[in-house]
Amino acid sequence: MPRLLALGDGALTLEFGDRIDAGLNAQVMATRDALAAQHLVGISDVVPTWRSLTVHFDPLQLDRDRLAACLMQSADAPLQESSLTTRWQIPIVFGGEFGPDLGAVASATGRNEDAIIAAICDLELRVFLIGFLPGFPYLGELPEWLHLPRLKTPRAAVPANSLAIAGAQAAIYPWVSPGGWHLLGRTPVRLFDLADAARPALFAPGDSLRFTSVSGAEYTRLAAAVAAGEMASSAWRTS
Amino acid sequence: MIDVLAAPVPASIQDVGRPGYRHLGVPLAGALDREWLALANALVGNPAQAAGLEMRLMGPRLQAVKETTFALAGEFSAVIADATGSRRSASSWRSHTLHAGETLDLSVVKGGIGYLAVRGGFDVPQVLGSRSTYARASMGGFEGRAIATGDRLNICRRGSETAPSLQLPQAPPLDPGPIRVLAGPQRDYFTDAAWNALVSNEYTVTREADRMGLRLDGPLLEHDPALGADIVSDAVTPGAIQVPGDGRPIVLLADCQTVGGYPKIATVIHADLRRLGHLLPGQKLRFTAVTIDEAIAARHSAAHALAASVGGILPVAAEFNLDALYGANLIDGVINAGTAY
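Note that the protein sequences, when read in sequence, are chains G and S.
Residues 1 to 239, numbered by our numbering, are exactly what the first sequence covers, in order.
Residues 1 to 341, numbered by our numbering, are exactly what the second sequence covers, in order.
Chain G on its own, in the form it takes in the complex (with noise of 0.2 Å):
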């Protein structure tokens, strides 16, 4: 059974479970989408995460029992299979300054950097959700030995467009942040973008990636496309 739980007078949490574990997200997405099709008035933002909904409301305008009582029925809709599941072929450039721990993370796990790029380019990532910064997609699951805890000492700036591993999961960092994942290579391609209002944030919950490994001097010519604008970001689209 979920748990619903208080953030605040203005926030409803409904948690699923507390792992990691895309079995849980599918329950997330489908309470999401029962709940969307009810048109409460007073909602301003649902966010899904791996494992619980949290949706942020005005108890002014929509009362908390009824909000509650409907967030419990919507837990209840039957699992769908995503069928439109939207596939990226994202480049990166491995290693170097460009990923500065691709050399302890083969230490770590007893591979040599060769093989953890071949291993990374052969994985099909799923994005289970959007946060953190816009459009950080936290991406899911890497194999086991791949599990690195993150840093003891996580760096004040991850410079952006990095992507990084941390226990079962990746990211890429849209926006310089602190972080304290491991860092693997760069991708030339905008994660967020302001001139798409219809959909800013490159990734969806549900998204399916794979990343390929290019030189430096390919990451560079790409990156200055994506700057000059003559990249549209359909061109990382696969399906």
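Hints listed in this document are in silico derivations from the structure and should not be mistaken for laboratory results.
Bear in mind the structure is a predicted one, so any value in this text is a computation, not a measurement.
You can take every hint at face value.
Chain S is nowhere near these chain G residues, computed Cβ spacing over 12 Å in every case:
hint : residue
1    : A34
2    : L40
3    : R111
4    : I117
5    : P159
6    : E230
Under 7 Å between C-beta atoms, here's a sample of chain S residues computed to sit facing chain G:
hint : residue
7    : P19
8    : G25
9    : A137
10   : V232
11   : S233
12   : T237
13   : G239
14   : T258
15   : T267
16   : I269
Ideal Cβ placement from N, Cα and C applies to all residues, glycine included.
Based on these hints, arrange chain S on the given structure of chain G.
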């Protein structure tokens, strides 16, 4: 239009925030004290949604390119100077006219925070439905950042450029009591001793204080050893009190991230959220626990009180007499605000 002649401390354009995009990782942002921004807006005849300037510690020095009606919410030492060097003070909680070429010096912001509203509101592009500045992602406000020397701020046109002078008969008081909290979604990650420490001790705002949050010093809050200090990230909100492994609480504010991986022991109720924006490093605060019904009742009262304040705004009919009256009321306000922290 207004020119920024000097901006010694970051001041940012804010409105009621950017709801509706937190599922994309976009923070709510917006004014830390929305009531004061709403009052400043009402004093110049703006709707509550208009964008104003949020200032802390020291405000900017501005110059009107065209005649501008403005109002200040908060405690300032505000001085208007004309080209001849003649100076007059500009009291808060009423509208004033800044003539073309005149400067407005907002050098001291007392009491932690203050707002400047201009008739029409600041005209910066709406980004995802809001003019609020969110600097980390260079979003909203003036070119996505705090205002700086040399900026020229545009102002939205209003039907009539000149409005009657308006004033609030009494400066709105700040509740001097402890900050009210509800038990947080991860209250069970903490020992009872930690909960009791939070609601019975004094905490001090550290230097790590900005629009994202306030890190507090005080008795450490111990996590239940069986559960630890890490959770799989879930949603946070302004007012959430998260506690990393070091046991030092962080109260999140308007620019906070949308999800977080630290357990949240408590959440400041909506009615008291604005008071957090007034706190400066070194200031002390206390928390007290309330029930959800009390929190929602407080939200109702706050909404009614704001509506009553806005409804009580009057034209400045007889300038001389009302100034004297206003001065007396301002002293009331100072006493109330001064005992708040």
